[in-house]
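J.: Both chains come to you apart, so use the hints to assemble them.
So the protein sequences, as listed, match chains A and B. In terms of the numbering used here, the first sequence has 100 at position 100, counting the first letter as 1, and numbering is strictly consecutive. In terms of the numbering used here, the second sequence has 262 at position 262, counting the first letter as 1, and numbering is strictly consecutive.
Incorrect hints may appear among the rest.
What the hints assert, rightly or not - Here are the simulated lysine to aspartate or glutamate pairs, DMTMM-like style, with alpha carbons at most 20 Å apart:
hint: 1; chain 1: B; residue 1: K185; chain 2: A; residue 2: D17
hint: 2; chain 1: B; residue 1: K130; chain 2: A; residue 2: D100
hint: 3; chain 1: B; residue 1: K75; chain 2: A; residue 2: D17
hint: 4; chain 1: A; residue 1: K29; chain 2: B; residue 2: E183
hint: 5; chain 1: B; residue 1: K99; chain 2: A; residue 2: E148
hint: 6; chain 1: B; residue 1: K137; chain 2: A; residue 2: E65
hint: 7; chain 1: B; residue 1: K185; chain 2: A; residue 2: E60
hint: 8; chain 1: B; residue 1: K130; chain 2: A; residue 2: E60
hint: 9; chain 1: B; residue 1: K325; chain 2: A; residue 2: D100
hint: 10; chain 1: B; residue 1: K274; chain 2: A; residue 2: D28
hint: 11; chain 1: B; residue 1: K185; chain 2: A; residue 2: D28
hint: 12; chain 1: B; residue 1: K137; chain 2: A; residue 2: D17
hint: 13; chain 1: B; residue 1: K203; chain 2: A; residue 2: E60
Stated by the list, open to error - One-sided and incomplete, this derived list gives chain A residues near chain B with beta-carbon spacing under 7 Å:
hint: 14; residue: S31
hint: 15; residue: Q81
hint: 16; residue: S93
hint: 17; residue: G115
hint: 18; residue: C130
hint: 19; residue: L131
Read the hints as simulated data drawn from the structure, not as lab findings. Please read these numbers as outputs of a predicted model, since none were measured by experiment. Positions of the beta carbon are idealized from the N, C-alpha and C atoms, including for glycine.
Each chain, written out:
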Amino acid sequence: MSDNNSHKDSFEYVNPDLVDNILSQYPDKRSATLPLLHLAQTQEGYISNAVVDTVAQITETHPAEVMDCASFYTMFYLRVQGRYILQVCQTLSCSLNGADALVDHITDRYGIGPGETTPDGKFTLMKVECLGSCGTAPVVQINNDYHEGLSKEILDELLESLQ
Amino acid sequence: MSDFQPILTEHIHQKECHTLSFYISVGGYSALEKVLAMSADDVIELVKASNLRGRGGAGFPAGVKWSFIPQDGEKPKYLINNADESEPGTFKDRLLINKTPHQILEGMIIASYAIGCNTAFIYIRGEFFKEYQLLEKVVAEAYEGNFLGKGILGSDYDLDVVIHRGAGAYICGEETGLIESLEGKRGWPRIKPPFPAIEGYLKCPTVVNNVETLSNLPHIINRGPEWFKSIGPEKGPGPKLFCVSGNVNSPGVFEEPMGIPLKDLIFDLAGGIKDGNELKAVFPGGSSSAILTAEEALSVNMDFDSLAEIKTMLGSAGVIVMDEKVDMVQACLNIARFYAHESCGQCTPCREGTAWLVKILTRITSGDGNSNDIDMILEITDNIGGLIDFSKGSFGKTICPFGEAVAWPVRSFVEKFENNFRQYISQEESVT
Chain A
1 MSDNNSHKDS FEYVNPDLVD NILSQYPDKR SATLPLLHLA QTQEGYISNA
51 VVDTVAQITE THPAEVMDCA SFYTMFYLRV QGRYILQVCQ TLSCSLNGAD
101 ALVDHITDRY GIGPGETTPD GKFTLMKVEC LGSCGTAPVV QINNDYHEGL
151 SKEILDELLE SLQ
Chain B
1 MSDFQPILTE HIHQKECHTL SFYISVGGYS ALEKVLAMSA DDVIELVKAS
51 NLRGRGGAGF PAGVKWSFIP QDGEKPKYLI NNADESEPGT FKDRLLINKT
101 PHQILEGMII ASYAIGCNTA FIYIRGEFFK EYQLLEKVVA EAYEGNFLGK
151 GILGSDYDLD VVIHRGAGAY ICGEETGLIE SLEGKRGWPR IKPPFPAIEG
201 YLKCPTVVNN VETLSNLPHI INRGPEWFKS IGPEKGPGPK LFCVSGNVNS
251 PGVFEEPMGI PLKDLIFDLA GGIKDGNELK AVFPGGSSSA ILTAEEALSV
301 NMDFDSLAEI KTMLGSAGVI VMDEKVDMVQ ACLNIARFYA HESCGQCTPC
351 REGTAWLVKI LTRITSGDGN SNDIDMILEI TDNIGGLIDF SKGSFGKTIC
401 PFGEAVAWPV RSFVEKFENN FRQYISQEES VT
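In isolation and in its complexed conformation, chain B is listed as follows (with noise of 0.2 Å):
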């Protein structure tokens, strides 16, 4: 097993860990008081210098975020929890919110703070419940020690706290969906720019930043930017919530440092492949990011820059392991069925393409395949999702990522497994 010392989970298996009492005895809300003696741009500063990119999804660097929010002006600023778990294959966030759920909080009221925001909410996926409930009263608690409210721990610092479930959209797990979805509309994301930070929430100043981003906060403020930056690769740093899940003996959530082998992950963490079989493929960062062949996989480092090298991404590091009896095929059906059902329909190539994409898939599964189909299957990735080529940066022909985000895997199985789709096609064209 791993040396490394846990840091956001260090205390997860602690009974009643999730507690206010708990928090405080292990040092929790201790950074919120050393931010409340600094200036914002301070706050905005030192997280910057922190290098902490983004746990959500798209890795983007959240002091810079921060520091896009204008100053001046007299609009009130927001601040949203993105906690909107929803990317197959990814469960970091929910362990969080259950196990150290004041984490979150002091993360959000520091967060707040260096934005001089005045109302924050929690936007929850509408299935979580159970952490629904909890974060209700965790909130009540933080209250009631005067973490929120007027006059924050005798300062003049004044923070409100809504948490607002969300109900069963992928899509509302990309900022400005979240946004239209809090605005009580649909969850349709927003041409961007304006970007939230400008024309965000009620068309004011908003950041939207993940539990897990959050998280990282009152350790980065407690023990400084260049404790943060030690861990990992320097460009993006820190502790990272690895989930594992799939063809796996012990599948879980493992806390390591960022550029962990994924074979670690896999083989050590995760207890190697079920039932002594071999490893196929794996999706490193939720069923949007490229999947990995096992030769990939066995070699790359779970980071952002080591995975964008090989053109796949981290996402949210949900790594889903397929073993060798996994059909390709179907496998990548599923997936495609998964964007079908979750595009928001705003955008017609993400709306008509996935559906196409599901119909061919589902056409060559059951026999019915031709050998054109293959070839069509490319071509409605790359209506969807631009051309995939990273170094182009050819995003563009939906409004929100979603396109990328169904066209990257689906056209990854395609090209790394195509034997396992003329095999379907061989069979069916020998028949006739």
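Isolated chain A (complex conformation) (with noise of 0.2 Å):
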């Protein structure tokens, strides 16, 4: 593979105490693989081979199971993204309200298609599934946080304030 990903030979968590906090929550070592991904990820901004290698340790067990998991859940992210991401969901009731607009939108903004970075790595543009969120479509999700019922002019704005 390349290079994005493997150019960490080592990951630790920030927190121990956190890890440990994790750990006593559950029955058994493996079922702390989601949360410890995510907490990875909160640090590092995605999976890289490092961080696998750290949680298979943790949870005892084999790298490719972890890596099994990783890759494949849509929210971990196994290579660098922008500051920003966008992702813009793209299901039925967002569709039926304007989302394809608003993804059109952001391409013609940013000159990047869904996937891809700006190469100042502020935003990436992601097409995202249903995000339970469908009475106030069309939804953006940015980073943790929801944008619901967005038109192009308050997605401007949003866009503006991000820094």
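T.: In structure tokens, the structure reads:
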């Protein structure tokens, strides 16, 4: 694999207490895999090979088992993403309420298509499936936050407010 | 508007309705006190008697599900609250989490007590980050108030609750996929039997209940099964949260009795079709249900049995409304793409079939379809999801019901709106 993934040889959690706290909640170690991956991604921004190795050590599993898990879930990123991940819901209710135009708008504005990141590393555009907020369609999730009932104008204001 | 007095969402417009002090001020946790003075068997019998059916999609009777948990045996038992809400068109559990989280928690404690469980999980979809943070606070409050932890409210009953975030996989809403995911694996559903009640989380007896199902429990305990059965149809009674989205003026979550006419939901509660357009089609129970024509939608009631009679389902009660301007082939492609993306990849008919549906539908919408394509779509849906004959219960080509969940809607689009598909193809064929 090429290099974005492996440029770091080692990974350590900055706050080992959080790791211990996670482990203490489960009857077995492997069940801590998802929370440990979430925690690592919060720290690193993505799941590197080094993260996979560390999580495998902690959960006493094979790194392939952790990678199997990390690669299955769309919220785990296997390479570096933009600082702001623009996740436009494209499923039916959002699509009926103008989601496709929002994707086009972001593409026009930043010159990036779905899956791409701006050269300055600020924005990544993603089309995602149902975010469970169909009553306030169209919805865009930016990092952890939902932004609901968007128009191009409100989206523009929002994008401009992001530093 | 409706005369029905909401039960689960009675207080959601009050400020601070999510806090412990508010919940207690409106009688919260009084059902738990009653339950702690009852035997576990009596709690199960009471919930069985209420005919409460699961609100996650399958509609399985909750009390019956609990009764499958073996009473003997040394293995720990687990309860999992399924908060992985991800069925397109469904957004009710998120509302309950944000507005009435202690009602959910009280339901979880009651269910845990009934099945003899001392560790319960909330599996919440990863995208619901704000809701996850709120639940962390709510659970901490409950520990402080001794509603969780050791010797709950002076009894000898102990319960811990762990909140577990998913990470973006629709299939983890399926209970065995969810259990695998909780175990730290990819969310691949398991072959049943064994059912989770026998071998669930870490091979221990496990019950998985939906957020809304659990939210009903405090009310059933407080007011009794007869009261519950008096709301809506007796075989599947109770208050129900209906989600309405799509081309309507006032989308939202509406709490009504089971069995409310779909017409009332769309034209009264959700304010009718946007821009004065005509109704064309409706998903009654999330995108996994068979789609209804306007004519069918105008005459059906929203309960398990009425919808099953016309070969669709209540599912998660996610009503998606489409108006006359919607291109049904594009809508079908949108849904097929969702399932192709979310297929977990374990079973070949589903993994390959969903990808082929997208390919063929894309070919049709881009003007390259041919007259064999419609038959091919039907053949693929048969191959993924069986013959779709409810009377024969033809399941079984895939490990989990995801196969049916893609086959039913796609097939219903083709069967009920075939002209729309033919239009694309005849245009192309007349050009060539």
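J.: State for each hint whether it applies.
T.: Now for the hints, and whether the structure bears them out:
no. : hint            : result
1   : B:K185 x A:D17  : violated, 24 Å
2   : B:K130 x A:D100 : violated, 26 Å
3   : B:K75 x A:D17   : violated, 30 Å
4   : A:K29 x B:E183  : holds, 9 Å
5   : B:K99 x A:E148  : holds, 17 Å
6   : B:K137 x A:E65  : violated, 32 Å
7   : B:K185 x A:E60  : holds, 13 Å
8   : B:K130 x A:E60  : violated, 31 Å
9   : B:K325 x A:D100 : holds, 16 Å
10  : B:K274 x A:D28  : violated, 52 Å
11  : B:K185 x A:D28  : holds, 13 Å
12  : B:K137 x A:D17  : holds, 19 Å
13  : B:K203 x A:E60  : holds, 19 Å
14  : S31             : holds, 5 Å
15  : Q81             : violated, 14 Å
16  : S93             : holds, 4 Å
17  : G115            : violated, 13 Å
18  : C130            : holds, 4 Å
19  : L131            : holds, 6 Å
When held up to the earlier numbered hints, the structure conflicts with 1, 2, 3, 6, 8, 10, 15, 17 and fits the remainder.
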